[in-house]
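*Asks:* Residues per chain are reported as follows:
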Amino acid sequence: MNNEITTSSHKILQLDDGIIKLICFTRDETIEKARIALDAFKIISEGKKNPLLVDIRQQKSISREARLFYSGKEFTDQVTSLAFVVESAISKVLANFFLGLNKPPYPTRLFTNEDEAIEWLKNYLK
Amino acid sequence: MKQNFNISNDERISKILNAIMGVSAGDYQIRLIPSEKEDDIDAIMVGLNMLAEEIQSTKYSLEELLKEKTDNLSKSESKFHTLANFASEQIFIINKDFVIEYMNESAAKAFNAPPDYLIGKSIDELFPPQELERMKAPMAKAFNTGITQHVEREIKFPHNSLWVSTSYAPVWFSDRSQITSVLGISRDITERKRAENEIKEKNEQLIKLNAEKDKFFSIIAHDLKGPFNGFLNLTELMADSNEKFSPDEFIEYSKLLNEAARSLYKLLENLLEWAQVQKGAINFTPKDSDLSKMVSQSIETIFQRALQKRISIINEIVHAQKVYADEKMISTVLRNLLSNAVKFTRTDGKAIVKSGSFDNDTIEVSVEDNGVGIAEKDIHKLFKIEEKVSSKGTDGESSTGLGLLLCKEFIEMHGGKIWVESELGKGSKFKFTLHKTI
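Protein sequence lines, in the order shown, are assigned to chains A and B. Under my numbering, the first residue of the first sequence is numbered 1, with each subsequent residue one higher. Under my numbering, the first residue of the second sequence is numbered 1, with each subsequent residue one higher.
Hints were generated in silico from the structure; no laboratory data involved. Computed from a predicted model, the values in this text were never measured in an experiment. Hints should not be assumed to be uniformly reliable.
[Said to hold, decoys possible] Okay, derived cross-link-like pairs now, BS3-like style, lysine-lysine, Cα gap no bigger than 25 angstroms in a straight line:
id	chain 1	residue 1	chain 2	residue 2
1	B	59	B	69
2	B	384	B	322
3	B	59	A	73
4	A	126	A	92
5	A	92	B	15
6	B	381	B	417
7	B	408	B	384
8	A	103	B	59
9	B	213	B	59
10	B	328	B	436
11	A	92	B	37
12	B	279	B	350
[To be verified] Far from chain B, some chain A residues (derived; all Cβ distances over 12 angstroms):
id	residue
13	27
14	36
15	46
16	48
17	80
18	96
19	125
Virtual Cβ for every residue (Gly too), placed ideally from N, Cα, C.
Put together the whole structure using the sequences plus the hints.
*Replies:* Here's what the structure looks like:
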């Protein structure tokens with residue numbers, strides 16, 4: 001069973017407790033990169049719904065299309081809850097934009113501490 | 001993509017201000033390149049970029065939506081115009097101030113003008129003042145109640161008129177919070193109304209004809225048959241037993257026969273004359289006539305009978321009083337009224353014929369008696385064919401009521417009217433009007 005995949009822009013891995021972690025190490029997120037990330041996510045999660053930890057600390061921009069893709073049905077069907085890990089003012093702006101304009105249909109929160117984010121996501125493990 | 005790391009904060013803030021002004025002016029494609037500092041100023045730049053992209057995208061979506069809606073509206077309007085102008089009904093939309101907002105070609109045709117010329121005009125400018133209140137009432141009601149109004153009415157123009165059936169339906173805002181205007185759909189029903197009136201007239205004629213037929217059969221069945229039976233019996237008796245009659249009996253039977261024959265003749269005369277009137281076969285030929293002379297001649301025809309009952313008949317008509325009348329018809333009227341006066345007045349009574357001015361052009365003629373009079377409940381039945389009013393005279397004289405119908409027909413042909421004033425036991429006054437000599 002694969003529990004870690006790295007694409008040109010993302011690293012997707014399953015943590016021990018079943019939470020899936022998605023690290024965006026691309027600076028500029030586009031829809032193409034987002035699609036590849038979702039394919040990798042599906043392989044890791046084996047088609048099951050999981051809590052998701054998204055680390056966007058390195059990200060500097062995200063296109064509108066990519067934002068819409070992450071809030072679309074294809075992506076949200078795979079996720080039970082979402083925690084953003086942010087650090088810089090830029091990553092906070094990106095995350096807030098996503099939450100404000102795209103309103104995901106599951107519990108979502110921003111964290112600056114990864115451990116706290118994982119603790120919160122554990123509430124949504126089945 | 002990478003910005004010079006050494007760019008100053010002032011320069012970056014200046015770029016942000018320029019970008020904000022650009023977005024304010026509608027340039028949503030503007031994008032700022034953040035530095036490598038990743039500080040708050042960079043975050044503002046990223047946020048501004050995303051806002052500009054969102055606005056641009058939303059604007060594009062809204063423009064697309066507007067275009068789609070406008071196209072749909074245009075198609076819908078085109079369909080409405082085609083439908084409305086194809087319809088033979090007159091379709092129009094009026095606002096609260098009674099100004100025309102829409103009018104189809106059929107409606108505009110009624111004003112001999114194109115719809116564009118009429119749209120925007122108040123109905124006050126298009127209809128005669130006397131029609132406006134009646135027209136506005138159902139429109140106002142549709143506005144005030146929100147309930148569709150249906151009206152059928154005649155619109156009178158200076159040179160013609162037409163009947164229209166109109167429905168006024170309130171037009172609501174899409175959220176039904178307010179009525180914006182009233183949609184009217186009118187149909188020309190002049191032909192239908194004409195046909196309805198024709199049917200009504202024909203129906204009235206049929207009712208009248210039916211009543212006339214009933215009256216005719218009633219007279220044949222009762223009034224004519226009765227005297228004839230007496231006549232037959234008497235003549236049978238005279239034929240079978242004439243050798244047994246004394247001269248006095250023979251004279252008495254002969255008188256009875258003569259009286260029965262006269263009565264029958266008079267009835268037949270009225271019946272034939274009435275039948276002629278109903279057929280429209282009688283000629284109405286009025287001329288300047290001497291009323292006094294006509295009255296005198298009429299009195300002569302019933303003089304014998306009046307003498308038998310010792311009833312005096314007085315002609316108080318001014319000598320040589322002229323009227324514009326058909327002498328034959330007015331003589332028939334006078335004969336019938338005088339005959340009735342004698343019939344329903346007891347022995348030693350009297351009857352007076354007199355005249356007076358009714359108005360400038362008309363005189364009133366009356367035949368008055370001090371006879372038995374007429375019960376109030378019967379007075380209104382006297383001149384109606386559908387009512388059966390026949391009673392015996394004071395000496396048992398027969399009466400059919402036909403004479404008065406004939407009088408009414410003849411007087412109305414003269415443009416006059418006839419009526420009676422009477423009280424039971426106190427006599428009667430039969431009055432009619434005639435035009436004076438022209």
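*Asks:* Against the earlier hints, flag every one the structure doesn't satisfy and list their numbers going up.
*Replies:* 2, 4, 9, 12, 13 and 18
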